[in-house]
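**Q** Take a look at the letters that make up each chain.
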Amino acid sequence: MRVSLNLADRLGRLSIAGISCLVLVFLALPLVVVVAISFTQTAYLKFPPQGFTWHWYWKVVSDPTFVEAFVVSSQLAAAATATALLLGMPAALVFARRNFRGARALSAVFLSPLVLPTIVLGVAILQYASALGFARSFWALYVGHVVLVTPYVIRTSIASLSGMDPALEEAAQDLGATRVQTFFLITLPQIKPGVIAGALFAFINSWINVEVSIFNSTAQFVTIPVKLFNYIQFNIDPTLAAVSALTIYIAILVVVAIDLAVGIEKAAVNTTTNARS
Amino acid sequence: MRLTPVNTAVLLLGPIAFFVLFFVAPFALLIGESFARPDGGMTLANYVAVLTDGYYWKALLNTLLISFWVTVVCFVLGYPLAYFIVFHVPSAWVRRGIYVLLVTPLFTSNIVRAFGWIVILGRRGMVNSSLIAIGLIEAPLDLLYSKTAIVIGLAYILLPVMTLSVCSVLQTVDRSLIEAARDLGARPSRAFLAVTFPLSLPGVVAGSIIVFALSVSAYVIPSILSGGREMVTPILIFQQYTATFRPDIGAALSVVLLVVTLLLIGAYLFFLERRLRVAV
Chain A
0 MRVSLNLADR LGRLSIAGIS CLVLVFLALP LVVVVAISFT QTAYLKFPPQ GFTWHWYWKV
60 VSDPTFVEAF VVSSQLAAAA TATALLLGMP AALVFARRNF RGARALSAVF LSPLVLPTIV
120 LGVAILQYAS ALGFARSFWA LYVGHVVLVT PYVIRTSIAS LSGMDPALEE AAQDLGATRV
180 QTFFLITLPQ IKPGVIAGAL FAFINSWINV EVSIFNSTAQ FVTIPVKLFN YIQFNIDPTL
240 AAVSALTIYI AILVVVAIDL AVGIEKAAVN TTTNARS
Chain B
0 MRLTPVNTAV LLLGPIAFFV LFFVAPFALL IGESFARPDG GMTLANYVAV LTDGYYWKAL
60 LNTLLISFWV TVVCFVLGYP LAYFIVFHVP SAWVRRGIYV LLVTPLFTSN IVRAFGWIVI
120 LGRRGMVNSS LIAIGLIEAP LDLLYSKTAI VIGLAYILLP VMTLSVCSVL QTVDRSLIEA
180 ARDLGARPSR AFLAVTFPLS LPGVVAGSII VFALSVSAYV IPSILSGGRE MVTPILIFQQ
240 YTATFRPDIG AALSVVLLVV TLLLIGAYLF FLERRLRVAV
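Residue numbers (numbering that gives the first Met the number 0), protein chains in the order written: chain A, 0 to 276; chain B, 0 to 279.
Hint data in this document are derived by calculation from the structure and do not stem from the laboratory. Think of the CB as a built atom: it goes at the ideal place given N, C-alpha and C, for glycine as much as any other residue. Each statement offered as a hint is correct.
Derived CB-CB ranges, DEER-like:
#	chain 1	residue 1	chain 2	residue 2	range
1	A	A166	B	D173	24 to 34 angstroms
2	A	P47	B	S145	21 to 31 angstroms
3	A	E169	B	V47	57 to 67 angstroms
4	A	M163	B	Q170	12 to 22 angstroms
5	B	Q170	A	F233	44 to 54 angstroms
Could you build all of it, start to finish, from the sequences and the hints given here?
**A** Okay, here's the thing in C-alpha cells:
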C-alpha cells in the first residue's frame, strides 16, 4: 500500500523546486545584467543602470572596427559551417549505415575536438600555419574552425540517421533509385531538421569561439569574441555591454531557430551531452 | 542505405583528408615541437623544465583544484535542476522554457559570460551596490579576481553541460521501478536514494568527467576573472606564445594538458564500457 506524502516529503518537493528556480535565476542573471547595463546613460558601468539610451549601440554600429569584426565572424562562421556540412554529412552517413573495422576509432577522432583543449588546437594550428606560411590569416582561422565545428554536424546527423526508418531507403533502392538519388530524394528530406540543428550548433560554436581565434588573428583582423577579449583588457564600459548584448540577441535567435527545427529539448540533449547510446 | 566499400571510401575521403591535414598534422607538429632542440635534435629538456619547475607544478595543481570545485558546484546545482526538469515540471511549455534558459548561455561567448560576472561581482557591481544599499557593508568587497570568482565563472559556464548530461540519463530511468518502490511503501526520499539516484549515476559520472576536462582546459574565464592573481596551465600556455616567446615550452605544456585531458576521457570511456557490460 502506498504511503501518502507527509510534511517532510512535501518540503522535499518544494525545496527541489526552490533550488531549481534559484539555479535558473543564476543561469539567466549574467546575461540579463549585461543586456540591462547596455542601455545605461552613465559613461561607466553602473548597476542598476540609469535611464535608457541607444547611444552605446549607435557607438558600436558606427565604429568600423566593430562592424569589421562582426563581418569577419559572420563570414568565418558561414564558411566553417558550410564546410562542416560537406565533411560531416558523408562521414555521418557512413557511421550510421555501415559497420567496419576501425569505424569506432575513426568516429572518435572526428568527435574529439569537442573534448580536447581548444586552446591546444589554437596553438597547434598557429604553429602549423606558421610552418606552411599562412599564419594569422582567414585560412588559418577557417581550418581551425572547421575542425572545431564538424563534430556537431556529425553528431546531430548520426542521431537523425539512426532515428530514421532504413526501409524507406531500401525501398527506393529496390525500385531502382541510385544511391545519390536515394540520398537526396529520401534520406535528406527525412533528416533535414537534424541537419539544420547541427548546422546551427556549428555556426554558433564558430561564432563564439575565442581560444582558436585568438592565436590565429591579428590586431586588425579579428573576430567579435577576440575583439571583445582585447577590448576588455583595457576598457570596461557600456560599449562592451552593447556589443555583448548584440551577441546575446543572436544566441537567442539561434536557440529559437533550433527550437523551431527540431525542438530545443531534443537538440540540447542529443548534441551537448556525450552519453553515447 | 546499403553502402559498398567503394561508396564508403568515397564518402570518407574528404573528411579524412581534411582532418589529417588540419587536425592530425598540426597536433603531430606540436608534439614534435615539444621534443625539439634549437639545433634540430631531439630532447626531453622542455618536459624536464616543465615538470621540475615548481611554478608550473603550482599552476597545474591550481588548475586541478579549481576544476574539482567547479565539478562539485555543477553537481550540487545541476542535479536538482535536472531532477526537477525530468520529474516535476508538468507542462511541456515550461520545460521548453527551461531548456531555452539552459542553452542560451551555451550559445554565448565565454567572454560575454565572464563580462556578466564582472558586472555582478565588480566593485561597483550588482552585489556590492546591493549590499551597500541595504547597509550591510560600507566599502565595496573584493569579490572579483580570486579563485572563488574563477570557480563561479566556470561553474556557470559548465552547469548546462552537467544538467543536460544528468537529464539525458534521468529521462531513461524506468519509472515503473520508482512506482514499485513507492507502492512497496518507500517514502519518496527513500525511493530516490535506493532507486533513482543509483540509476542516474552514469549521467553524474559522465557529466562530472566532461565538466572537469573542460575546466582544466579553460582559458578565457580564468584569464578574465583571475586579474593576474591566479595562475592556471592554459594561461601559462598562452603566455609562452604572447609574452615569453617560448613555443617549445608552450608545446610541452600543451602536451601535458592534452595528456591530462586524454586520461580523463579514457576514464570516461572506460566507465561507459563498464556501464554497458553491466547493462547487458
